[in-house]
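Colleague: Protein sequences, first through last, are from chains R and F.
Throughout the first sequence, residue numbering follows our numbering, covering 1 to 287 in sequence.
Throughout the second sequence, residue numbering follows our numbering, covering 1 to 421 in sequence.
Please note: incorrect hints may appear among the correct ones.
Not the full set, but computed from the structure, chain F residues with beta-carbon under 8 Å of chain R [said to hold, decoys possible]:
#, residue
1, Asp72
2, Thr80
3, Glu194
4, Gly197
5, Arg252
6, Ala253
7, Gly268
8, Asn416
9, Ala420
Distance windows between CB atoms, simulated [unchecked claim]:
#, chain 1, residue 1, chain 2, residue 2, range
10, R, Thr117, F, Leu69, 26 to 32 Å
11, F, Ser84, R, Phe60, 34 to 40 Å
12, F, Asn116, R, Val48, 43 to 49 Å
13, R, Phe60, F, Asp108, 50 to 56 Å
Just a sample of chain F residues kept apart from chain R, beta carbon distances all over 10 Å, derived [to be verified]:
#, residue
14, Lys117
15, Thr385
16, Gly388
17, Arg413
Think of the hints as simulated: they come from the structure by calculation, not from any bench.
Computed from a predicted model, the values in this text were never measured in an experiment.
Even glycine gets a Cβ: it sits at the ideal position worked out from N, Cα and C.
Each chain, letter by letter, is given below.
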Amino acid sequence: MLRYLKSPDVTGWLLAAPLVLVLAVFLVLPVLMIGVVSFWQATEFSIVPALSLENYEFLFGSAVTYDVFWNTFRYALIVWALTLGIGFTVAFFLAFHVRTLTWQIALALICTVPFWTSNVIRMISWIPFLGRNGIANSTLLSMGVIDQPLEWLLFSDFSVILAFVHLNTIFMIIPILNTMMRIDRSLIEAARDAGASGAQILWNVIIPLTKPGIMIGTIFVLTLVMGDFVTVRFMSGSQSANVGRLISNDVGLLQYPSASATAVVLLCAVLMVVGLLLRLVDIRKEL
Amino acid sequence: MKKNHYTRRSLLKGGAAALAASAFPAPMIWAQEIKDITLRQFGTGVSNLNEVAAKVKEDLGFTLEMTALDSDAVTQRAATQPDSFDIADIEYWICKKVWPTGNLQAMDTKKIANYNKIVGIFRNGKLNPDSVIAQGTAPHTVGFTSGPGGTDFVAEESGWMTLIPTIYNADTLGIRPDLIGRPIESWTELLNPEFKGKASILDISSIGIMDAAMVCEAMGAIQYGDKGNMTKEEIDKTMAIFTEAKKAGQFRAFWKSFDESVNLMASGEVVIQSMWSPAITAVKSKGIPCVYQPLKEGYRSWGGGIGLSANLSGVALDAAYEYINWYLSGWVGGFLMRQGYYSAVPETSKEFMTADEWGYWFEGKAAAGDITNPFGDKLAGAGDTRDGGSFDERMGRVACWNSVMDENQYMVRKWNEFIAA
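Pulled out of the complex, with its shape left as it was, chain R reads as follows (with noise of 0.2 Å):
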């Protein structure tokens, strides 16, 4: 007995069966399930248990599905973009920058300032910032710089963007400016005495070297994203859908089966996405 405990396999295991258990039933278990309940059916009142392809037909057969699917991933691809250039200019400057260890702690502390409230409430305030009558307009109005308020503003997509922006980037941030930290110094003297220009030792030396955390960052941004079903919801004024809204419409109309469908679909999507961006960078090896 004590000499299976002792044997590394065994006690390995064991130490590895806490969180075996935990994301078994927090997380395999819920999501098999999804995957099983995508198979029912569903009257007004009740959900059946099926073996039915029938929410999958519907699903595909709806050319609303590819529409909110292609808004899903270009609101994915744009905020991306965006995160990345901001995130990976904020982090740069924070690194290579900013030159005492106290400073850098300070600034990093500071962009994690607006989340010390809760996201709804640093979305839901952008309503009346760029609202028809709002700040942003009556500024512009004032200026002179516009005669007519800009109604592109709000409920547009630009607001849903600004807003995805605005939420995700320091996700960014983080993990750029935690690669970038760690990268040997040396190395970059090293370019230098070589001859490198700053821009080659950006192109050929930093970004190389921060690859794993842009796409630690960009992991978190793409999910973030295409799960997301509120901020599309509030800052399109409910004009606008991507997946998670379908989601929550189902739900709403207690529609769970095909509602389990859709996100069976959309986990799919989004696996994919990762898997891909895996094969890019190995990040068990950069890490």
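Fit chain F to the given chain R structure using the hints.
Modeller: Frame of chain R, contents of chain F only:
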């Protein structure tokens, strides 16, 4: 003043009462038992008010537990979990779905003291003898069943009611008169290009489609057989007109919750939209002009009532009947009417309102002084009249009742497409 003022006489009296009580124990025990009774009521938020529960405790002695849910959840619970409630506070269109399941029990109208005073809308469908019955799920069509244990609906007043009506109102479009600056008279104005980017409709499919149908019919674009029970073709046509308007940028936003509709209107993002009466009040109470505009095509109306769970029996059932009779006896009616809703037995509510309140809310007269709601907020000042006028003018011009369609599932999918378009 002495606190314990026992005299020989009062002691004798007490002794006699105690003797009587021990000789005829029934009423005492009943009074004791009813205090222990808890009735579990659930329903949509409109009339599930804590003030009502508190007043029940005070007036009747028993406890009323209230749970507020959205209408989809209410429907599901009433249909699938009959053991989870004693009293269902539901809308009439929900009753149409739930009654056939047999989870509610028919109520004997002989036990309802004010039954004969209930307004005609809930009995024969007619507010006045010459009224025309509106489309949709008119309350009286699902208000009666054939007898105890019945799961059908009957047209006549059979003496067995499915729901006791409690609260109802007539809905229309809300407008910002200061930003529109001209009279609005028809539902067609919702799609008028003049209000491009300044209109809104509610994103709750079963009600939104009805408002959309009011607009399409007013435009003369579609003739409906029954707006409350559309065919697939009618649903397609309605959604096509609204999708086109959406793509042309007619709508500023859609709203799903009460607060959203208030914010859209108060901020001036929207100047004309579907709205509920308390939302108008909320905008007005911020000092912003807002009118619940009566329109020539009429109102979209809704009504709710309370139904009893099939599982209720014995003392609990007696308590439930007592609750219903109390509900119709006026206090709740006055409480609701002072918020702009209507009571099923308006004349009993009159005693619980001042003459000025009654004149303003029910008779459509100009207010003599400030009109406040039960929570003390000022809603109107001297000289103001209620939008739409008197009870008869408003409830007499109902074009359609909230309803559930045979093609409900299809409609919901089409509505989702409209939102995603």
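Colleague: Evaluate each hint against the coordinates.
Modeller: So, going through the hints one by one against the coordinates:
For Asp72 of chain F, the shortest C-beta to C-beta distance to chain R is roughly 6 Å, which falls under 8 Å, so the interface hint holds. About 5 Å separates the beta-carbon of Thr80 of chain F from the nearest beta-carbon of chain R, less than 8 Å, and the hint is met. At about 15 Å, the closest approach between the beta carbon of Glu194 of chain F and any beta carbon in chain R exceeds 8 Å, and the interface hint on this residue is violated. Interface hint status for Gly197 of chain F: upheld, as the beta-carbon distance to the closest one in chain R is roughly 5 Å, under 8 Å.
Checking Arg252 of chain F against chain R: minimum C-beta separation of about 6 Å stays under 8 Å; hint holds. Hint on Ala253 of chain F holds. Least Cβ distance to chain R is approximately 2 Å, under the 8 Å limit. A least Cβ separation of about 5 Å between Gly268 of chain F and chain R falls short of the 8 Å threshold, and the interface hint therefore holds. With a cut of 8 Å, the hint placing Asn416 of chain F at the interface with chain R holds, because the nearest CB-to-CB distance is about 6 Å.
A hinted interface residue such as Ala420 of chain F counts as satisfied when its beta carbon comes closer than 8 Å to some beta carbon of chain R; here the least separation is about 4 Å, so the hint holds. Range check, Thr117 of chain R to Leu69 of chain F: about 29 Å between beta-carbon atoms, so the 26 to 32 Å window is met. The hinted range of 34 to 40 Å is satisfied by Ser84 of chain F and Phe60 of chain R, whose Cβ atoms lie roughly 37 Å apart. Look at Asn116 of chain F against Val48 of chain R: about 45 Å separates their beta carbons, and that is inside 43 to 49 Å.
Roughly 53 Å separates the CB atoms of Phe60 of chain R and Asp108 of chain F, a value that falls within the hinted 50 to 56 Å. No beta-carbon of chain R is positioned within 10 Å of the beta-carbon of Lys117 of chain F; the least distance is around 35 Å. A cut-off of 10 Å between C-beta atoms confirms that Thr385 of chain F is not in contact with chain R; the least separation is 29 Å. Its beta-carbon lying about 28 Å from the closest one in chain R, Gly388 of chain F satisfies the requirement of being farther than 10 Å from that chain.
A beta-carbon of chain R is positioned within 10 Å of the beta-carbon of Arg413 of chain F; the least distance is around 8 Å.
Taken one by one, the earlier hints fail for this structure at numbers 3, 17, listed in ascending order.
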